[in-house]
Amino acid sequence: MNTKRSWAAWPGCNADLPEPSRRQFLGWSALGLAGLALGPTTVLRDSSAAGPVRRLVIINLFGGNDGLNTVVPHGLAAYFRARPNLALPAEELLPVDALYGLHPALVNTAALMRAGHAAVVHQVGYPEPNFSHFESMSIWSRGIRQFRSTPDKRGWIGRLCDLYFPRPADVVGLGVGYIEDLVASTARPLSLETIDAFDLIRPPHLGAENDARAAAVTDLLATRQGEPGYGGALAGAAQRAYELVEVVRAGVARYQSRVAYPDTTLGQLLRDAARLIAADLGTRIVYTGFGGFDTHAAQAGLHPRLLAELDGALGAFVADLRGLGEWDRTLLVVISEFGRTNFENGSQGTDHGSGNVLFVLGTRLRGTQFGPPLTEASLAQERIQGAYEVDFRSVYKEILSTFLNVDPAPVFPEPEERPVRLGLL
Amino acid sequence: MLSQKGGRGMTGNLGRLGRNLLGVVLVLLVSCAGEPSAEYDGRFTQTEARHLLRRAAFGATDQEVDRAVREGLARTVERLLDFRSVDALERRLFRRCDPFGVYTCPEDTLKYWVSLLIESPNPLQERMALYWHDRFATSLAVLDRRQQHYMKDHIDLLRREGLGSYRELLLKLGRDPAMLVWLDGALNTKFSPNENYAREFWELFTLGVDNGYTQQDVEEAARAFTGWVEDRRRDDQPYRMVFLPEFHDAGSKTIFGVTASFDDADVVDLTLRQTQARLYVARGLLEYFAYPDPEPELVQEMADFLEAGGWRLRPLVHKILTSNAMFDARAFKSQVRGPIEFVVGLARSSGYGLQLDRLELVYHLFRMGQIPLVPPSVKGWDEGLAWATESALVGRINFLARATEGAAPASAVPPASLSDAGSTAEWVAEQLGVALSVQERERLVDYLSTVAREDGGVERIRFNAQDPRHQVLKLGGLYFVLGQHPDANRQ
Numbered sequence: 003m004n005t006k007r008s009w010a011a012w013p014g015c016n017a018d019l020p021e022p023s024r025r026q027f028l029g030w031s032a033l034g035l036a037g038l039a040l041g042p043t044t045v046l047r048d049s050s051a052a053g054p055v056r057r058l059v060i061i062n063l064f065g066g067n068d069g070l071n072t073v074v075p076h077g078l079a080a081y082f083r084a085r086p087n088l089a090l091p092a093e094e095l096l097p098v099d100a101l102y103g104l105h106p107a108l109v110n111t112a113a114l115m116r117a118g119h120a121a122v123v124h125q126v127g128y129p130e131p132n133f134s135h136f137e138s139m140s141i142w143s144r145g146i147r148q149f150r151s152t153p154d155k156r157g158w159i160g161r162l163c164d165l166y167f168p169r170p171a172d173v174v175g176l177g178v179g180y181i182e183d184l185v186a187s188t189a190r191p192l193s194l195e196t197i198d199a200f201d202l203i204r205p206p207h208l209g210a211e212n213d214a215r216a217a218a219v220t221d222l223l224a225t226r227q228g229e230p231g232y233g234g235a236l237a238g239a240a241q242r243a244y245e246l247v248e249v250v251r252a253g254v255a256r257y258q259s260r261v262a263y264p265d266t267t268l269g270q271l272l273r274d275a276a277r278l279i280a281a282d283l284g285t286r287i288v289y290t291g292f293g294g295f296d297t298h299a300a301q302a303g304l305h306p307r308l309l310a311e312l313d314g315a316l317g318a319f320v321a322d323l324r325g326l327g328e329w330d331r332t333l334l335v336v337i338s339e340f341g342r343t344n345f346e347n348g349s350q351g352t353d354h355g356s357g358n359v360l361f362v363l364g365t366r367l368r369g370t371q372f373g374p375p376l377t378e379a380s381l382a383q384e385r386i387q388g389a390y391e392v393d394f395r396s397v398y399k400e401i402l403s404t405f406l407n408v409d410p411a412p413v414f415p416e417p418e419e420r421p422v423r424l425g426l427l
Numbered sequence: 226m227l228s229q230k231g232g233r234g235m236t237g238n239l240g241r242l243g244r245n246l247l248g249v250v251l252v253l254l255v256s257c258a259g260e261p262s263a264e265y266d267g268r269f270t271q272t273e274a275r276h277l278l279r280r281a282a283f284g285a286t287d288q289e290v291d292r293a294v295r296e297g298l299a300r301t302v303e304r305l306l307d308f309r310s311v312d313a314l315e316r317r318l319f320r321r322c323d324p325f326g327v328y329t330c331p332e333d334t335l336k337y338w339v340s341l342l343i344e345s346p347n348p349l350q351e352r353m354a355l356y357w358h359d360r361f362a363t364s365l366a367v368l369d370r371r372q373q374h375y376m377k378d379h380i381d382l383l384r385r386e387g388l389g390s391y392r393e394l395l396l397k398l399g400r401d402p403a404m405l406v407w408l409d410g411a412l413n414t415k416f417s418p419n420e421n422y423a424r425e426f427w428e429l430f431t432l433g434v435d436n437g438y439t440q441q442d443v444e445e446a447a448r449a450f451t452g453w454v455e456d457r458r459r460d461d462q463p464y465r466m467v468f469l470p471e472f473h474d475a476g477s478k479t480i481f482g483v484t485a486s487f488d489d490a491d492v493v494d495l496t497l498r499q500t501q502a503r504l505y506v507a508r509g510l511l512e513y514f515a516y517p518d519p520e521p522e523l524v525q526e527m528a529d530f531l532e533a534g535g536w537r538l539r540p541l542v543h544k545i546l547t548s549n550a551m552f553d554a555r556a557f558k559s560q561v562r563g564p565i566e567f568v569v570g571l572a573r574s575s576g577y578g579l580q581l582d583r584l585e586l587v588y589h590l591f592r593m594g595q596i597p598l599v600p601p602s603v604k605g606w607d608e609g610l611a612w613a614t615e616s617a618l619v620g621r622i623n624f625l626a627r628a629t630e631g632a633a634p635a636s637a638v639p640p641a642s643l644s645d646a647g648s649t650a651e652w653v654a655e656q657l658g659v660a661l662s663v664q665e666r667e668r669l670v671d672y673l674s675t676v677a678r679e680d681g682g683v684e685r686i687r688f689n690a691q692d693p694r695h696q697v698l699k700l701g702g703l704y705f706v707l708g709q710h711p712d713a714n715r716q
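Keeping their order, the protein sequence lines are chains A and B.
Per this note's numbering, residue 3 is the first one in the first sequence, and the count goes up by one each step.
Per this note's numbering, residue 226 is the first one in the second sequence, and the count goes up by one each step.
Watch out, some of these pointers could steer you wrong.
As the list claims (entries may be wrong) - Chain B is faced by these chain A residues, among others (derived, beta-carbon under 8 Å):
# : residue
1 : V109
2 : A210
3 : G348
To be clear, the hints were calculated from the coordinates, so they are not data collected in a lab.
Every residue gets a Cβ at the ideal spot worked out from N, C-alpha and C, and that includes glycine.
Make a model of the complete structure from these sequences and hints.
Put into structure tokens, the structure is as follows:
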């Protein structure tokens, strides 16, 4: 699979845009003037200035990150045997312990780990691995292994917000579109691509007519809210879009920071996450991510760049949160739909695997290494990077109960085969 | 289908002969009265014509709808399927897009296809290309400078073969340079097989996930697809794909339990022999044109028709477009219009948006969540309410704002006899597929009858759709407002 989730990730395209167009694009977004006369906002009335809350930021590495070359088991001979070309030499790694080292691109992550603010959970997965990106992503998103035979079509975050976090800004997807994790039934998580583009164009020559148009739109939408099926859903979504533009724009104006984020997809997404947190809308979950991790070929060139993008963005984000006084109240989780094969393939890449590493970052961690470590025997299997030992739902459940202080049982109705208690926090 | 079940129940206490006779009569009756796969036997009015033209042609002007009603369903569908030559248009776009003669810049390819989508006299050709582009989702985002022309060839493949032989389409897809880059086929050689294409070929393109193939089959099929490599030798030239027999694995492979020295054409043929292959095509096209979750009997019938007809797509699409299923109550307004459908539909039905630079249209499509030629993944785009995220809707609103801010295109203006506020509101609503309530009509008449002044007051006007000032200030606004109506965002 190849995933490119944003225009910014399009190689050469930004550079190729003719200059007048690029200026036009920038001009249009600047045209969006605040202050549409829309009447009182109903959706978010009670969510401005929500006060301090704890929140979870989830970063998904789309495509299946190669965990073995991320947290490298340099203590195992099987690792070097399986990857004659792709294995990273032990002396180049950022030290963790006698068994593991971090990929040299992960400098910020390694520093956070030394401070006890970054942890790895090893061999995370789910029973009966599925090697399709989309099946595996759905399993992670729905939190249900047997999701195809489950009538509940919501994502785990959808269930979470139906139960506990029903307001639109409580859960925000950033740059991930309509991702399955956020599909809810009664609650409506907000899905943003970028904050800067979340603004309305008002053609200047239409003047006050812009307000007359908008007023007519909102009146029409209001009459269709209750319609069954797509009609009501579309009317509701459009109404929310008008209201949320105002709220989000007013909120992010509060953001002040001197932290320079890398000009990468994830760098800009995490900057938007920080702006949302500073906007004080009461957001409890931010879900974001970026793609390109499906390294079937020429992995040695691609993977270091991807990890550098991850690490650079994480470093800036954590520094920014510290400056904003929000780092203590934030927990980051870095996931991916599966790991990759132990053995490299014929194209100097790796194919779809199963178990994988998962990162947790925050100030309240009670260790830096969780879950059973890899062994020579587990690496001898071809397709599976270690057996799955830790069900990802055990990790999520623990975070929900100990960090967000909600009961995780109804969020994950399908019991894990082998529930574990890691003691992360 | 429900009536068939009832029919069987009714025959319970008759003798065998009577049962059989009654069965025959019932089958005849049922097939005359609304069997979904049978030829449509209902009325073909403005409503049905607009529905057909939205689904098969992105939308149409009022005059085109009138013509369809006049000519009837059969003639209209034949006209939709009878593609006129667009060579001249293609050449004009080609020159406009890239004076150097090769599509080396992604913007040129985007402008080329977006222009065809909104200007081509064969909307169904582009509709099919869009369908296959979503199903065989391939992106120019992974192509470098000297590979960019692959994408132009790729979309042309989908445009040219989209209604041809499904077998040919699959075969050419596996040899298509953009696809060979996108799913690593160009790295898949005898010496180092790569399973990426083989897996998605079945999982997403032809059978469906875990639907009759094994990991072993994937690995063996990957070997059958080997042999294509990229020729990068000429420094000053774009790359090209070549087939080199020495890179092809001619050895024996076992696929679906059959063993021979299969090549790519054999994999296509073996795949088409799987029953689920034809069901997969039929279900997909029924959902695209008719309605979601078509009943298994209907899918089966269309699938068998496709297979019996030698996998030719044109007769199948003809059959679907003229079937009862196409005009079933479940079909109307059952889809959320995707961004490309929305933009192209508005341009084709009203002319709004045509005045914008093609690259600006691409920008709006990007903001609405669907950059053509840049699907989010090989799975294509998510549909339904996935198009209705707050961000994507702000993109729609902004596209409408830009499209409707200036002078009104001719096809957006109602006939002179329908130029007052009430008639204009009704006429535009019909254009956009909106069923206006009395309350909504009143609100729009009110909107059309005043102009907002900068000092906050309003000037009352006697709206006239033929008045150029009213067109800019109010008629454009009417399209802006109704374009955001939930009905206008469904098809």
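To see whether the hints hold, each was checked on the structure:
Nearest Cβ of chain B to the Cβ of V109 (chain A): about 28 Å, over the 8 Å cut. The hint is violated. Here the hint on A210 (chain A) is kept, as its CB sits about 4 Å from the closest CB of chain B, short of 8 Å. Satisfaction of the interface hint for G348 (chain A) is found here, the shortest Cβ-Cβ separation to chain B being roughly 2 Å, below the 8 Å cut-off.
Checked against the numbered hints given earlier, this structure breaks only hint 1.
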